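Novice: Here is what each chain is made of, one letter per residue.
2 protein chains.
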Amino acid sequence: MEGLSRKLYLKLPAPTEADSRSSEARILSALRELGYEARMTLKVMRKLYPLCEKAGWQLTASLAWDGSCWVLVELEAGDTTREHYGLAVDLGSTTVVARLFDCNTGKCLAEDSAYNRQIAFGTDILTRIFYSKDQPEKLEELRRAAVGSIREVLEKLEKKTGIAPGGSIQLVLAGNTTMVHFFLGLDAFCVFQTPYAVQADRPGFLPAAELELPVSGYVYCYPGKSNYLGGDIISGMVATELYKKEGISVFFDIGTNGELVVGNREFLLCGAGAAGPALEGGVVRTGMRASEGAVERVKLTENGFELGVIGGGRPKGICGSGIIDLLAELFLAGWIDLRGKFVPEKSEKIQEKDGMYAVEYAPGLFFYQSDVDEFLRTKAAASTMVEYMLGEAGIGMNDISEFYVAGAFGKHVSKESAVTIGMYPDMDREKLINAGNSSLEGAGRLLLDKKILDELDDILDKMVYIQFGAVDDFLELMVAAQALPHTDLERYPSVMKKLEERSKMQKTVSKKTN
Amino acid sequence: MEGLSRKLYLKLPAPTEADSRSSEARILSALRELGYEARMTLKVMRKLYPLCEKAGWQLTASLAWDGSCWVLVELEAGDTTREHYGLAVDLGSTTVVARLFDCNTGKCLAEDSAYNRQIAFGTDILTRIFYSKDQPEKLEELRRAAVGSIREVLEKLEKKTGIAPGGSIQLVLAGNTTMVHFFLGLDAFCVFQTPYAVQADRPGFLPAAELELPVSGYVYCYPGKSNYLGGDIISGMVATELYKKEGISVFFDIGTNGELVVGNREFLLCGAGAAGPALEGGVVRTGMRASEGAVERVKLTENGFELGVIGGGRPKGICGSGIIDLLAELFLAGWIDLRGKFVPEKSEKIQEKDGMYAVEYAPGLFFYQSDVDEFLRTKAAASTMVEYMLGEAGIGMNDISEFYVAGAFGKHVSKESAVTIGMYPDMDREKLINAGNSSLEGAGRLLLDKKILDELDDILDKMVYIQFGAVDDFLELMVAAQALPHTDLERYPSVMKKLEERSKMQKTVSKKTN
Chain A
1 MEGLSRKLYL
11 KLPAPTEADS
21 RSSEARILSA
31 LRELGYEARM
41 TLKVMRKLYP
51 LCEKAGWQLT
61 ASLAWDGSCW
71 VLVELEAGDT
81 TREHYGLAVD
91 LGSTTVVARL
101 FDCNTGKCLA
111 EDSAYNRQIA
121 FGTDILTRIF
131 YSKDQPEKLE
141 ELRRAAVGSI
151 REVLEKLEKK
161 TGIAPGGSIQ
171 LVLAGNTTMV
181 HFFLGLDAFC
191 VFQTPYAVQA
201 DRPGFLPAAE
211 LELPVSGYVY
221 CYPGKSNYLG
231 GDIISGMVAT
241 ELYKKEGISV
251 FFDIGTNGEL
261 VVGNREFLLC
271 GAGAAGPALE
281 GGVVRTGMRA
291 SEGAVERVKL
301 TENGFELGVI
311 GGGRPKGICG
321 SGIIDLLAEL
331 FLAGWIDLRG
341 KFVPEKSEKI
351 QEKDGMYAVE
361 YAPGLFFYQS
371 DVDEFLRTKA
381 AASTMVEYML
391 GEAGIGMNDI
401 SEFYVAGAFG
411 KHVSKESAVT
421 IGMYPDMDRE
431 KLINAGNSSL
441 EGAGRLLLDK
451 KILDELDDIL
461 DKMVYIQFGA
471 VDDFLELMVA
481 AQALPHTDLE
491 RYPSVMKKLE
501 ERSKMQKTVS
511 KKTN
Chain B
1 MEGLSRKLYL
11 KLPAPTEADS
21 RSSEARILSA
31 LRELGYEARM
41 TLKVMRKLYP
51 LCEKAGWQLT
61 ASLAWDGSCW
71 VLVELEAGDT
81 TREHYGLAVD
91 LGSTTVVARL
101 FDCNTGKCLA
111 EDSAYNRQIA
121 FGTDILTRIF
131 YSKDQPEKLE
141 ELRRAAVGSI
151 REVLEKLEKK
161 TGIAPGGSIQ
171 LVLAGNTTMV
181 HFFLGLDAFC
191 VFQTPYAVQA
201 DRPGFLPAAE
211 LELPVSGYVY
221 CYPGKSNYLG
231 GDIISGMVAT
241 ELYKKEGISV
251 FFDIGTNGEL
261 VVGNREFLLC
271 GAGAAGPALE
281 GGVVRTGMRA
291 SEGAVERVKL
301 TENGFELGVI
311 GGGRPKGICG
321 SGIIDLLAEL
331 FLAGWIDLRG
341 KFVPEKSEKI
351 QEKDGMYAVE
361 YAPGLFFYQS
371 DVDEFLRTKA
381 AASTMVEYML
391 GEAGIGMNDI
401 SEFYVAGAFG
411 KHVSKESAVT
421 IGMYPDMDRE
431 KLINAGNSSL
441 EGAGRLLLDK
451 KILDELDDIL
461 DKMVYIQFGA
471 VDDFLELMVA
481 AQALPHTDLE
491 RYPSVMKKLE
501 ERSKMQKTVS
511 KKTN
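Protein sequences appear in the order of chains A and B. For what it's worth, our numbering labels the leading residue of the first sequence as 1, then goes sequentially. For what it's worth, our numbering labels the leading residue of the second sequence as 1, then goes sequentially.
By construction, these hints were calculated from the structure, which means they are not laboratory data. A few of these clues could be false.
Which copy is meant is left open, so a pair is good if it fits within one copy or across any two.
What the hints assert, rightly or not - Once the Cα atoms are required to be at most 30 Å apart in a straight line, the calculated DSS-like pairs of lysine-lysine come out as: (1) Lys43 to Lys451; (2) Lys160 to Lys7; (3) Lys411 to Lys346; (4) Lys133 to Lys11; (5) Lys341 to Lys245; (6) Lys316 to Lys497; (7) Lys138 to Lys415; (8) Lys497 to Lys415; (9) Lys316 to Lys462; (10) Lys47 to Lys133; (11) Lys11 to Lys462; (12) Lys451 to Lys7; (13) Lys47 to Lys431.
If you're wondering where the values come from, they're calculated on a predicted model, not measured in any experiment.
Kindly produce the complete structure, drawing on both the sequences and the hints.
Specialist: Here's what the structure looks like:
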């Protein structure tokens with residue numbers, strides 16, 4: 001492993017009159033012999049005595065890369081090279097997730113998460129931005145909330161492994177531009193205000209102590225490309241290695257906002273746009289976060305709805321992946337039509353409620369026509385981003401080798417359902433890849449491979465930003481994409497096939513019941 | 001001036017939709033265009049908003065060299081390049097002296113000093129070392145005292161100039177090894193304990209905030225060569241440029257300890273030894289520091305002693321320069337002989353007191369035979385260091401182009417008197433150079449000339465340390481050097497001439513009185 005840190009065991013000769021070099025020189029020249037030109041922090045200088053003598057001059061040095069040189073940030077008695085740890089953090093607006101790595105083997109020893117304490121100041125990012133705009137004390141509250149959330153996760157990792165955060169040398173953090181601004185204590189209004197020039201997008205290596213995090217070396221924040229394409233996406237590039245491949249990939253991170261990268265080792269096009277909160281259950285009346293009691297799986301059978309509920313108890317609402325399943329099933333069963341309108345004659349479950357149709361997907365829980373409409377606008381926005389960008393680049397869907405879906409959405413959503421409603425393109429299912437938490441994954445990769453630092457400059461230089469909102473075309477495409485799965489059904493052969501099969505089955509059923 | 005800091009005025013384009021680079025990127029790329037690849041501190045990132053906008057994107061960046069790259073440590077609105085300051089500090093065991101520089105012109109704007117507050121823990125270094133040995137809280141007291149003393153001088157400089165210390169970017173500090181250890185918070189017992197391997201001798205650039213000093217960038221501590229040859233001596237090399245010259249120079253810093261360097265651009269021999277506290281008035285019964293009431297000049301005329309007293313009032317004691325004058329005058333007048341023994345028949349001022357002879361040099365103030373003996377041992381130790389080292393190198397006194405005497409001693413002592421008693425060699429007086437506070441001078445030079453950093457490595461590599469105490473020869477030479485001016489009178493032709501002139505005068509006077 002050639003990561004951002006080193007642990008090196010030094011067996012040094014004790015000072016004699018003939019060799020009365022300083023402890024500092026003795027250690028640094030031994031490191032030089034091992035190929036590391038390093039400097040020593042004041043903290044380590046203050047530890048030299050009596051540590052060196054007591055340890056019989058058998059010492060382990062912790063080296064941290066600071067972006068331009070190696071820094072000796074910790075010194076221990078004896079050989080502790082086996083205890084070589086580092087941390088990767090995904091700082092999400094809702095959840096903070098961290099992994100503890102053994103930096104000798106590259107093995108992830110534990111992963112844990114916590115809610116981002118900033119939620120107390122607003123569940124969505126914009127509320128937090130307005131809350132703290134031009135108010136340094138409030139910005140400081142948000143900064144502390146972020147740091148506190150990270151520390152909470154690090155403590156959980158310590159409980160799991162017995163390894164204290166101070167035992168880690170480096171911490172690599174990935175987050176979107178707003179999250180990184182808050183984490184650094186920077187006003188984030190710039191992220192959403194024209195001309196969208198943010199304050200800092202390449203903060204690099206900062207001393208962990210300055211950021212109030214307990215690792216012994218530095219915190220590296222993943223650089224961002226622009227206001228909407230933050231470090232979490234760049235980290236996703238590293239996780240998927242999209243920028244190294246010959247084949248063209250699509251990388252799509254869909255949440256309230258959608259971030260998209262299309263490219264390969266030759267080119268990288270990127271863009272971002274608002275998808276709306278529908279995908280996270282935000283607008284849907286009975287929508288909820290993916291927590292206990294949320295319907296996350298839906299199947300519509302002859303016997304009605306079969307539900308998968310988080311925690312297994314009574315359903316309390318429906319989360320993003322549940323909604324997509326529900327829509328796919330309603331569509332395949334013909335309970336909603338191509339335009340997403342309820343077909344009330346199809347089932348008694350479709351009732352009129354509050355002046356519109358709604359389907360009772362669970363006892364007392366309804367999914368309304370307005371929910372469907374909202375959701376379809378969102379899915380149209382999302383799928384149009386991909387369509388538009390491929391069009392701009394003159395790339396057909398058949399040219400795509402891999403279609404990565406990142407984030408919680410990619411992790412939980414059923415591929416089949418997402419294709420059925422036209423959210424994902426209709427392509428070989430093995431090309432549709434759930435990239436998982438690629439932000440966290442990329443943070444870990446960088447922690448363990450210093451060479452990636454050089455590649456990041458290349459990635460950022462290569463990325464060409466494409467504005468979605470600015471084009472008339474875009475709206476037109478989006479209207480077409482609001483159909484289920486799409487106005488142009490030929491793009492969805494597998495969905496057409498399913499529809500045919502279902503209608504055959506239904507005919508059979510009809511025949512049987514007749 | 002190409003020093004350790006830069007101030008650069010940047011007129012940046014305001015962000016537009018077409019150029020929505022981050023403020024950080026905007027500033028750093030403008031610096032790159034000016035030839036400076038820099039990184040930005042967290043503190044500056046936090047200042048970007050609203051500063052950049054308010055300043056209409058006309059900003060002045062303060063860059064500090066950190067030993068391996070440029071760091072943007074301060075950002076100001078408008079063009080403040082004219083206010084470009086830096087500090088040089090000589091951290092002495094008794095006195096802390098600092099200079100404030102205009103880093104654009106290289107001009108020293110003010111100099112001031114304060115007593116080192118560590119004196120409260122012991123006037124001599126050894127007491128302080130024992131006080132704090134293995135006692136971190138006491139070491140911390142000493143560290144705070146050093147820092148407090150420096151801050152006090154910086155405040156005095158602010159009063160004189162109106163320029164706050166925070167307006168300076170870098171601070172270069174020179175001090176002996178013990179002083180630098182205390183300043184950094186390092187136990188200094190190692191300096192005096194065999195095998196004399198100190199803890200840190202190349203601390204380099206450390207963030208000023210970590211050292212609790214108010215400059216915006218870094219504190220650079222001059223590196224040391226060994227326990228007794230500290231940063232103050234290396235700084236003296238830079239001040240005198242001895243290591244650049246073709247002719248061979250001697251650099252001699254005499255106090256309680258003597259530090260010596262002999263060499264030129266080809267070689268550098270160095271050594272150090274205890275001279276004893278006599279030179280600083282430490283052992284002499286009526287000796288005192290060079291403060292108000294101290295006799296600093298002595299002339300012996302027909303009418304008796306003519307005294308120069310610091311502050312002009314009644315004499316209270318005698319300081320180093322006064323002692324050397326006194327001895328020279330006593331010797332030339334024949335009141336003490338070649339071996340330094342009082343010749344009581346020469347004057348009624350020589351009386352028996354406390355079982356020995358003593359001369360009353362001022363009303364009620366006596367200089368005893370034991371004082372003379374002690375002082376001659378000290379001067380013998382000092383002059384023998386030079387003699388021994390030149391002997392080792394096969395260099396004759398005639399080969400010496402310049403003989404620098406550094407420190408307070410060199411500043412105040414009369415060259416003539418020092419030659420007369422054999423403390424200095426008998427050479428052309430213009431070759432005997434008072435180097436003044438060369439430690440402070442070298443600190444200032446480095447502040448203003450970054451290239452010197454590279455030269456320091458050369459200097460340290462080239463220096464060859466010669467042990468004085470270890471050689472039998474040394475003691476033999478020292479005994480010979482205890483005579484006035486030296487057992488080998490032929491080395492002191494100018495003193496012989498003076499003696500002859502005085503004896504002629506006295507004969508004339510005798511004849512007149514007869």
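Novice: Kindly indicate which numbered hints from before are broken by the structure, ordering the numbers from low to high.
Specialist: Of the numbered hints given earlier, those the structure breaks are 3, 5, 6, 7, 9, 13, listed in rising order.
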